[in-house]
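Chain by chain, the residues:
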Amino acid sequence: MTNHWIDLKNADVILAMGSNPASNHPVSMKWIMRARERGAKLISVDPRFTQTSAKADLYAPLRSGTDIAFLGGMINYILEKDLYFRDYVVNYTNAAFLVNPEFKGPADLDGLFSGYNAEKRSYDKATWSFQKGEDGLPLKDPTLQDPNCVFQLLKKQYARYTLDKVSSITGTPKDKLVAVYELYGSTGKPDRVGTECYAMGWTQHTVGTQNIRTMAIIQLLLGNMGVAGGGVNAMRGESNVQGSTDHGILFHILTGYNPVPNASLFDLATYNEKTTPTTKEPRSVNWWSNRPKYMVSYLKAIYGDAATKENEFGYAWLPKLDVGQNCSWLNLFDKMHQGQFEGFFAWGQNPACSGANSNKTRAALAKLKWMVNVNLYDNETGSFWRGPGMSPADIQTEVFMLPCASSVEKEGSISNSGRWAQWRYKAVDPPGQALPDGEIMNELYFKVRELYLKEGGAYPDPVVNLTWDYGEKDASGKVKHINIHAVAKEINGYFLEDVYDTKVDPPKLIGKKGALVTSFPSLQADGTTSSGNWLYCNSYILKDGKEVNMMARRGKDDKTGLGLYPEWSWCWPVNRRIIYNRASVDLQGNPWDPKRPLLQWNAADKKWVGDVPDGPAPPMGTDGKLPFIMKPDGVASIFGPGLNEGPFPEHYEALECPLEENSMSKQRINPTIKIFGGESDAFFSCDLRYPYVATTYRASEHWQTGCMTRHCSWLLEMQPQNFVEMSVELAKELGIKNGEKVVVVSGRGEVEAVAMISERFKPFKVADSTVHQIGLTWHFGWQFPEDGSGFDSANLLTPNVGDANTMIPESKAFMVNVRKA
Amino acid sequence: MGVSRRDFLKLSGTTVVLGSLGVNLDPAKAYAQGLRIKNAKQTTTVCPYCSVGCGIIVYTENGKVIQCEGDPDHPISEGTLCSKGSSIMQMANNDTRLLKPRYREPGGTAWKEVEWDWALDRIARLVKDARDKNFKAFSTIKVKEVQPDGTEIEVEKQVPVNRTDAIAHIGSAAMDNEECYLIQKLMRSWGLVYIEHQARI
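Respectively, the protein sequence lines represent chains S and F.
The first sequence begins at 0 in numbering that gives the first Met the number 0 and counts up by one.
The second sequence begins at 0 in numbering that gives the first Met the number 0 and counts up by one.
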């Protein structure tokens, strides 16, 4: 989230699209309802009339996979009716920038952008660039009239998204489109603000990233970014998926979003040079210019004294990808299916039910030589070898199932969607011999290291040089038990030498050797500081000579009255509760909306009052800095050349869809997605065998694959088994009764479910024909309840095709059939 | 003056005279003293399910969780919880939790319970064997090289990559931040690049 949960109360309009907070983030609804009590309006846009829709002021249905068409129509409406926030758009976005005249878009090239290579399914982005002046800065037209300026190109791109066209694609009635556009468009005034809440309903598509970008463009046009009650807010699905991402458990990022090095970044100097953005814009903060400080501080944290200037702080010890090597989830399981891996750790995960195309995942597990599964309960992954259709005697995988502690049986922090890192305390010991995950890691660290020290082996350096100084050691030098505070402090970072600010004369001491670093501006690129994750620097600090765990704070002061609660827990970065908050003020530093003053410049004291500002520089109108500090240009990108399918979002159909043609252009599907071609990777569009659109979703009573919640009798009693929801009309066509057992079939598998016939799904009118959509929960699996009464995972149906940028699978739009069991 | 249930319990456990409230708290006080949580230790935690981050108070007695309820002091959840958050007592007290490491041998048809040390020794051995056998120290890349005459040509160069593509790891968004940090550190030290988790799905 750019903002945070309580901040929902500050909005005038809340758009829940790609999410269903009432069911999936139930307590967040409190803040949405609190906004409504003040007169705010809630809009729910969803293929199904959900529990959120039931509380909404306005509900609009749309066919799964057509969000860009829906939102593209909104951009068109905002521009046509002049609803945008002009001062914000001109000063804080790249709307005025002039684009390369060679650039062409879908309006010119029938759905494609300039530079497409059909063979490689990718773009040469050379023309997706700005015209630059002699000073190296982009040329601008602040009147927004130049035909090559971003604003005019945006107009051209979305003029095609007319109400008729959008309605014929999405199946949304035109009057509903207008109602949503008008209401949400009303937040373009300085004293009105709108927020957007999305979840997997937007990410799990082949156009997932562009769904979100379309909304980001809308929020920028309306001046809703960086302000209280605004933002583009990801409602994350797991208690710590924010923190686990911040800490780099992904193939492409290290901690704090520093890229994982590849072979072309063969030494530290090259890494720093190639991954650190530069800018000629003197008013840009360009925060990522600090990357070398964060990278070296990370290397010092993980390799300690062994990391020296002479050995580039151990940079060679970090594993490097090959150029272009993509190890993301779908590729990982594809390689596993091909037999590439000997070993596999499934740690606190149940991929046999959670990944798309579960049959392929389960078959892949059988190709492993060994697997380690760490979990609270037995599950479909650990027990894959005895699952449906498996012949245990033929499966040679050696499997370890390790029992771990639950969240109340250990101590540590987790970060919620609003980036608040909150500390949890241990209440009881884990049951039996179960161990906290950290203790299992501790054991494995020492056991593998000992083997290397004793036997040698392939390149032992990174194994034996890794720091692991987390508490009291036994006679052999092994840490007896992990002191989790020692880990939290390592993440925050230390001054490894006395560090001086040399920009002042005489140099001023900013940190004493051995002290915790107070905040990331103190981190250095010369090895004199460490920080396991620069983004969490400031989470565990030295204050008045005492070490303070900021994440454990429980202060309730709320001086702004906006619900920032700056003394409750701690949030990244540096406890800034709303990011890009310098966009909430005008050029003189006065809040756009005096009723919701997130920040205000106090000219007399020369400082900001309110939230922790995005840097201390004075407002733009004086000699200040541009507000979008992470962007090299200093402004937000309405034209965003970073993504693979184009600088503006364009509507493409899902890989599996009910339409033979995309009525927007000749490009039916996203032209840059990777399509796996194996036998187990089947997909079928416009195939009579699979005539209905399907989506997956969650119910309040279960969580993810249900591995944790199916074992709780209270929850299982409320939601005992998989169900498939369908319209009264479709049920009538198929002769299916409510409560009857049915089988849902896709090109990849089938799953049993109980039919739930409701008014909540309605057939869509799409391009003059009727399209039915159904939906299933994905909380169930064959392993528990042991009698199979819950049925199996809905992911047996979903396609293993991913978004062109993130490779997140398209679980929210695919084609199925339904038959009686 | 508003009194939350928790404040009320705190108050009712003291000898403070509550006459200013204008109500007789005796019956409620007697009730509170009869509650099964009256001697319990309170520990605060945050819900392990969705990402709202609701506060929960865990009541324990004799090393056992006897009650869990919403933390009324928590600014986001204000004491409320959803069905899942309300059920975390069943996560701590659950007959189906794994209590001992289990092992399934190649071709085996059933789990066997094993000792931690044996399982961890065996895993460490398998990690080392897979890593040693499949360690990729170098890759070849193409780089542009400037020639003495000033022209650029593409040449091949051997560069260190120091990784193994024979082991993969996923997980976990269910772990604490400190554990997430440790796992990426550990797995990368072994040379893994196939490192993923829930955020990708």
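For the record, the hints were derived by calculation from the structure and aren't laboratory data.
Backbone N, C-alpha and C define an ideal beta-carbon position, used for all residues, glycine too.
Certain hints may be false.
The list that follows gives simulated cross-link-like pairs (lysine-lysine, DSSO-like), each with its CA atoms no further than 27 angstroms apart [what the hints assert, rightly or not]:
no., chain 1, residue 1, chain 2, residue 2
1, S, LYS368, F, LYS132
2, F, LYS63, S, LYS425
3, F, LYS63, S, LYS273
4, S, LYS334, F, LYS135
Distance ranges between label pairs, derived from CB positions [what the hints assert, rightly or not]:
no., chain 1, residue 1, chain 2, residue 2, range
5, S, ALA474, F, GLN66, 53 to 59 angstroms
6, F, THR139, S, GLU309, 25 to 31 angstroms
7, S, LYS173, F, THR139, 16 to 22 angstroms
Below, a sample of chain F positions facing chain S; criterion: calculated Cβ distance under 10 angstroms [what the hints assert, rightly or not]:
no., residue
8, TYR30
9, ILE36
10, ASN38
11, PRO74
12, GLU178
Status of each hint after checking the structure:
1. S:LYS368 - F:LYS132: 14 angstroms, holds
2. F:LYS63 - S:LYS425: Within the cut-off at roughly 12 angstroms; holds.
3. F:LYS63 - S:LYS273: Violated, because 54 angstroms separates the two Cα atoms, which is more than 27 angstroms.
4. S:LYS334 - F:LYS135: 17 angstroms, holds
5. S:ALA474 - F:GLN66: 53 to 59 angstroms: 42 angstroms, violated
6. F:THR139 - S:GLU309: 25 to 31 angstroms: About 26 angstroms separates the Cβ atoms of THR139 of chain F and GLU309 of chain S, which means 25 to 31 angstroms holds.
7. S:LYS173 - F:THR139: 16 to 22 angstroms: Between LYS173 of chain S and THR139 of chain F, where Cβ atoms are some 58 angstroms apart, the hint is violated.
8. TYR30: 25 angstroms, violated
9. ILE36: 13 angstroms, violated
10. ASN38: Hint on ASN38 of chain F: violated, closest Cβ of chain S at ~15 angstroms, above 10 angstroms.
11. PRO74: Since the shortest Cβ distance to chain S is 5 angstroms, the answer is holds.
12. GLU178: 5 angstroms, holds
Violation of the numbered hints given earlier is confined to hints 3, 5, 7, 8, 9, 10; the remaining hints are satisfied by the structure.
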